[in-house]
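There are 4 protein chains.
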Amino acid sequence: MVSTEIGYTTIDKITVRGKDLSKDILGKLDFVETMMLTILNRVPDEREKRMVNLILVTACDHGLTPSAISARLTYLGAPEAMQAAVAAGLLGAGSVFLGTTQNAAEMLIEAARELRDDAGEDELVACARETVRRAKAAKRPIYGVGHPIHIHGDPRVATLAQASRDNGYFGKHWRLMFAIERVLRDEHGKNLPLNAVGAIGAMVAEMSLDPLLARGFMLVGRAAGLIAHLVEERQNPVAQQIWDLVLTQDERNEVPARSRAR
Amino acid sequence: MVSTEIGYTTIDKITVRGKDLSKDILGKLDFVETMMLTILNRVPDEREKRMVNLILVTACDHGLTPSAISARLTYLGAPEAMQAAVAAGLLGAGSVFLGTTQNAAEMLIEAARELRDDAGEDELVACARETVRRAKAAKRPIYGVGHPIHIHGDPRVATLAQASRDNGYFGKHWRLMFAIERVLRDEHGKNLPLNAVGAIGAMVAEMSLDPLLARGFMLVGRAAGLIAHLVEERQNPVAQQIWDLVLTQDERNEVPARSRAR
Amino acid sequence: MVSTEIGYTTIDKITVRGKDLSKDILGKLDFVETMMLTILNRVPDEREKRMVNLILVTACDHGLTPSAISARLTYLGAPEAMQAAVAAGLLGAGSVFLGTTQNAAEMLIEAARELRDDAGEDELVACARETVRRAKAAKRPIYGVGHPIHIHGDPRVATLAQASRDNGYFGKHWRLMFAIERVLRDEHGKNLPLNAVGAIGAMVAEMSLDPLLARGFMLVGRAAGLIAHLVEERQNPVAQQIWDLVLTQDERNEVPARSRAR
Amino acid sequence: MVSTEIGYTTIDKITVRGKDLSKDILGKLDFVETMMLTILNRVPDEREKRMVNLILVTACDHGLTPSAISARLTYLGAPEAMQAAVAAGLLGAGSVFLGTTQNAAEMLIEAARELRDDAGEDELVACARETVRRAKAAKRPIYGVGHPIHIHGDPRVATLAQASRDNGYFGKHWRLMFAIERVLRDEHGKNLPLNAVGAIGAMVAEMSLDPLLARGFMLVGRAAGLIAHLVEERQNPVAQQIWDLVLTQDERNEVPARSRAR
Numbered sequence: 000m001v002s003t004e005i006g007y008t009t010i011d012k013i014t015v016r017g018k019d020l021s022k023d024i025l026g027k028l029d030f031v032e033t034m035m036l037t038i039l040n041r042v043p044d045e046r047e048k049r050m051v052n053l054i055l056v057t058a059c060d061h062g063l064t065p066s067a068i069s070a071r072l073t074y075l076g077a078p079e080a081m082q083a084a085v086a087a088g089l090l091g092a093g094s095v096f097l098g099t100t101q102n103a104a105e106m107l108i109e110a111a112r113e114l115r116d117d118a119g120e121d122e123l124v125a126c127a128r129e130t131v132r133r134a135k136a137a138k139r140p141i142y143g144v145g146h147p148i149h150i151h152g153d154p155r156v157a158t159l160a161q162a163s164r165d166n167g168y169f170g171k172h173w174r175l176m177f178a179i180e181r182v183l184r185d186e187h188g189k190n191l192p193l194n195a196v197g198a199i200g201a202m203v204a205e206m207s208l209d210p211l212l213a214r215g216f217m218l219v220g221r222a223a224g225l226i227a228h229l230v231e232e233r234q235n236p237v238a239q240q241i242w243d244l245v246l247t248q249d250e251r252n253e254v255p256a257r258s259r260a261r
Numbered sequence: 000m001v002s003t004e005i006g007y008t009t010i011d012k013i014t015v016r017g018k019d020l021s022k023d024i025l026g027k028l029d030f031v032e033t034m035m036l037t038i039l040n041r042v043p044d045e046r047e048k049r050m051v052n053l054i055l056v057t058a059c060d061h062g063l064t065p066s067a068i069s070a071r072l073t074y075l076g077a078p079e080a081m082q083a084a085v086a087a088g089l090l091g092a093g094s095v096f097l098g099t100t101q102n103a104a105e106m107l108i109e110a111a112r113e114l115r116d117d118a119g120e121d122e123l124v125a126c127a128r129e130t131v132r133r134a135k136a137a138k139r140p141i142y143g144v145g146h147p148i149h150i151h152g153d154p155r156v157a158t159l160a161q162a163s164r165d166n167g168y169f170g171k172h173w174r175l176m177f178a179i180e181r182v183l184r185d186e187h188g189k190n191l192p193l194n195a196v197g198a199i200g201a202m203v204a205e206m207s208l209d210p211l212l213a214r215g216f217m218l219v220g221r222a223a224g225l226i227a228h229l230v231e232e233r234q235n236p237v238a239q240q241i242w243d244l245v246l247t248q249d250e251r252n253e254v255p256a257r258s259r260a261r
Numbered sequence: 000m001v002s003t004e005i006g007y008t009t010i011d012k013i014t015v016r017g018k019d020l021s022k023d024i025l026g027k028l029d030f031v032e033t034m035m036l037t038i039l040n041r042v043p044d045e046r047e048k049r050m051v052n053l054i055l056v057t058a059c060d061h062g063l064t065p066s067a068i069s070a071r072l073t074y075l076g077a078p079e080a081m082q083a084a085v086a087a088g089l090l091g092a093g094s095v096f097l098g099t100t101q102n103a104a105e106m107l108i109e110a111a112r113e114l115r116d117d118a119g120e121d122e123l124v125a126c127a128r129e130t131v132r133r134a135k136a137a138k139r140p141i142y143g144v145g146h147p148i149h150i151h152g153d154p155r156v157a158t159l160a161q162a163s164r165d166n167g168y169f170g171k172h173w174r175l176m177f178a179i180e181r182v183l184r185d186e187h188g189k190n191l192p193l194n195a196v197g198a199i200g201a202m203v204a205e206m207s208l209d210p211l212l213a214r215g216f217m218l219v220g221r222a223a224g225l226i227a228h229l230v231e232e233r234q235n236p237v238a239q240q241i242w243d244l245v246l247t248q249d250e251r252n253e254v255p256a257r258s259r260a261r
Numbered sequence: 000m001v002s003t004e005i006g007y008t009t010i011d012k013i014t015v016r017g018k019d020l021s022k023d024i025l026g027k028l029d030f031v032e033t034m035m036l037t038i039l040n041r042v043p044d045e046r047e048k049r050m051v052n053l054i055l056v057t058a059c060d061h062g063l064t065p066s067a068i069s070a071r072l073t074y075l076g077a078p079e080a081m082q083a084a085v086a087a088g089l090l091g092a093g094s095v096f097l098g099t100t101q102n103a104a105e106m107l108i109e110a111a112r113e114l115r116d117d118a119g120e121d122e123l124v125a126c127a128r129e130t131v132r133r134a135k136a137a138k139r140p141i142y143g144v145g146h147p148i149h150i151h152g153d154p155r156v157a158t159l160a161q162a163s164r165d166n167g168y169f170g171k172h173w174r175l176m177f178a179i180e181r182v183l184r185d186e187h188g189k190n191l192p193l194n195a196v197g198a199i200g201a202m203v204a205e206m207s208l209d210p211l212l213a214r215g216f217m218l219v220g221r222a223a224g225l226i227a228h229l230v231e232e233r234q235n236p237v238a239q240q241i242w243d244l245v246l247t248q249d250e251r252n253e254v255p256a257r258s259r260a261r
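These protein sequence lines map, in sequence, to chains A, B, C and D.
Mapping the first sequence onto numbering that gives the first Met the number 0, position 250 (from 1) lands on 249, and the numbers just tick up by one.
Mapping the second sequence onto numbering that gives the first Met the number 0, position 99 (from 1) lands on 98, and the numbers just tick up by one.
Mapping the third sequence onto numbering that gives the first Met the number 0, position 55 (from 1) lands on 54, and the numbers just tick up by one.
Mapping the fourth sequence onto numbering that gives the first Met the number 0, position 141 (from 1) lands on 140, and the numbers just tick up by one.
Here chain A stands alone, though its shape is the one from the complex (with noise of 0.2 Å):
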């Protein structure tokens, strides 16, 4: 049968995971409850709404990202269909940028399978040395560590971590991303620190969630971090100037100094 257990509509009610979405939900529940509550079929605690919230805030976006020069991009052309415009600043969560989460998540839950959640150094760096010899065996990549800015270490790791441990959630996972980073350093020489992408795989397979929810908290964060530069966009606009900044580049381009002065 063609059916969802998320919800259904009758004339009357809306239900959404066996509550009245007009009396039970609205008001009652918050934002990240209600999320998780149609993801996971009941409402979260309070550690892992606050789990939630911090993959949601890292998320959410910090300046001129890719995505947000796409979404600002497609917003010159179309300001009329606002939801392109997030939906193009989506598109490039992949196996690059933002998707790798799920990536991250799935190394982590695949390699760590095996392991006790008590697991001594000398376990753990066995299992991170392997971890990184089958990631290069079939030419993947290791996921979760360094960054093209943060070349001394993401700013956001310590906080992700130290707020994991407060929740109750700093578990093999994230000891694990932390034994990857220190073999790629002391046995391959190379300086690659755990990044936010590892602290939040890390984070969603603590929480034994989907991994495919580890991309989709990205989704959800930025598409409010969309919101906000294509909001500034509109009283501010700034596209057509990176359109013309782009188009100087090459020398053969003319751009009349009434475009670039728009």
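Keep in mind the hints are simulated off the structure, nothing from the lab.
Predicted, not measured: the structure shown is a model, and the values here were computed from it.
No copy labels: a pair is met if it fits in one copy or bridges any two.
Pairs of lysine-lysine residues, derived as PhoX-like cross-links and limited to a Cα-Cα distance of at most 25 Å, are as follows:
1. Lys12 x Lys189
2. Lys27 x Lys12
3. Lys48 x Lys22
Assemble the complex: chain A is given as a structure, and chains B, C and D must be docked to it using the hints.
For chains B, C and D alone, kept in the frame of chain A given last:
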């Protein structure tokens, strides 16, 4: 200069609206507060935060809407790119579904510009009458009324109206929206009860936010609903059955049992 | 009944507009003929085919337009999902770029409805004057004139106009479009030469096609240009440099040399 | 330097691959020739052009596929933004539908790298066997075989194979693809006939094109099919009925007759 006031990144720090993301935001502000900080350049107060939560929860999703169906059909073809499925699900948020919250907010802000906050019933009805007249003259729809399923009234509206009252956001825009409903009924013989789109348009207008955000909040909320649908689709797929169901409506198509059984 | 007249599929045959795809279409009709068969329910004649080719070639692409930049930035994040990059590149085809061909066609069809095919100059100018007046009254843009770069005139217009003449499609819509250009210059002092958007709007109107196709043809043609850009991006990437270029405009951002060198 | 070899624009001229768009391309080259010029930096010969036309025609569309359904459901919500509907329809072109042509081309190019053009049957079968073995070992699908509806064989394959022969593009990649079909049948007992995806993968490989183009051509061809569906949807809508059809599968949903009748 090409730049954004939202944030910037240095080697050791990410700054969002003047705050250090790792020290002042992560773990200190939740997702909705961070989203509003990014948009408004200030932390929202409790009442604003409750209002935004109500809007996001309303947008979340329930059942197999066109956006959920499109997302699932897209996931069927490209399960490795969940971002594409979420984007496909958002792209229909236009002038007929979801995106109409922006149209409703614009309509109310424009129509109520000259209306005093303490306008009496007569003034309100006159303003509503003029709004209906202008929409008809311009062959534009009247936004925020009527629903294909909730033909006796949208069950979310009473909750959203009461919550707006409780939070101090039930002013001239909400009252105008209700007056439009009455004018349509009493003077045009049309039973088109105020719907969730009208409620959200009124809420955004009452909060003095950019109407673009009325559509933007829908996109963030719906993204959350879509990731719930996609996690369910991964675990318990129905997209292939939906496709077969559509194909078999036209008896010229042949759908082998093998396919139907998948 | 849910069905389409475009085609259906049986176990042994695919039927498109009543023809057997494998026997009567593949290798017998080329792409443009098949596209038009699918749309029109008949094979186009030679003149129609030449007109559609002209439109698609015009849409194809040239240089780093906003659509090419968005597509490349999306590919940077998700190289495994080229469809997402092409979609991101198409999403800006709205009321400002590309999609305006639809608006121009609608404007011309609406305005020329009462115009006879052999209307004299005076009638044409009167109709153009009325079109400009109505657009200004409704605060709508006048579509099909002006260009940010080709400020002395769009170099494609003369070729498209001559080809339309050669193929028997230079009628009242083309003439009205040129009259609008003249009215803006002579009566409003505005030098806004007819552009490719106006030319394509006129061509679609002359061919009696649904104006939606004016936008549709742009999407098909631009998709071709985008795949050329993405193949180049894979072989000789510039998206990371575009991002760095944007970031370095705001001196608060730090972009390490390592990143810039990539 | 940020630039593209595809083209550039001056105030009076658009240059595409060194040619003047208005004088040397428009009206001189048709759409497929222009697309290939843009990609290859040379005008294709007649045989290449016929091959590309065959691929685009195959991709075009037939009936209510997931891409056509998603496009129509998106159009239902946002008829003012046809580009969003086309984008939604393209976004499912991934590793299961349409995009698999790229996977098939990559598989064939990789597997046949060491194969001589005049390899005998034994060599071919050995190579096919090894290709199947490697896919199974890596838990990857074997691309280009099997079809959910055309269970006795894809009717397009014979036409595409003969046309490839006629145009001098039936070499080791096509032969390997057929050998894989045979190995699956004879040695694994699996009746999975070569399908259109395998044929297009072979064609792109034979033409020595970047495998990315195998997916790219699908997107261009399918965009054409989608605009046909959207023009039909505008004139004779079925999207609302599709939605109602899905909703009524779950008897907990109530769909008023009024809605169903729309």
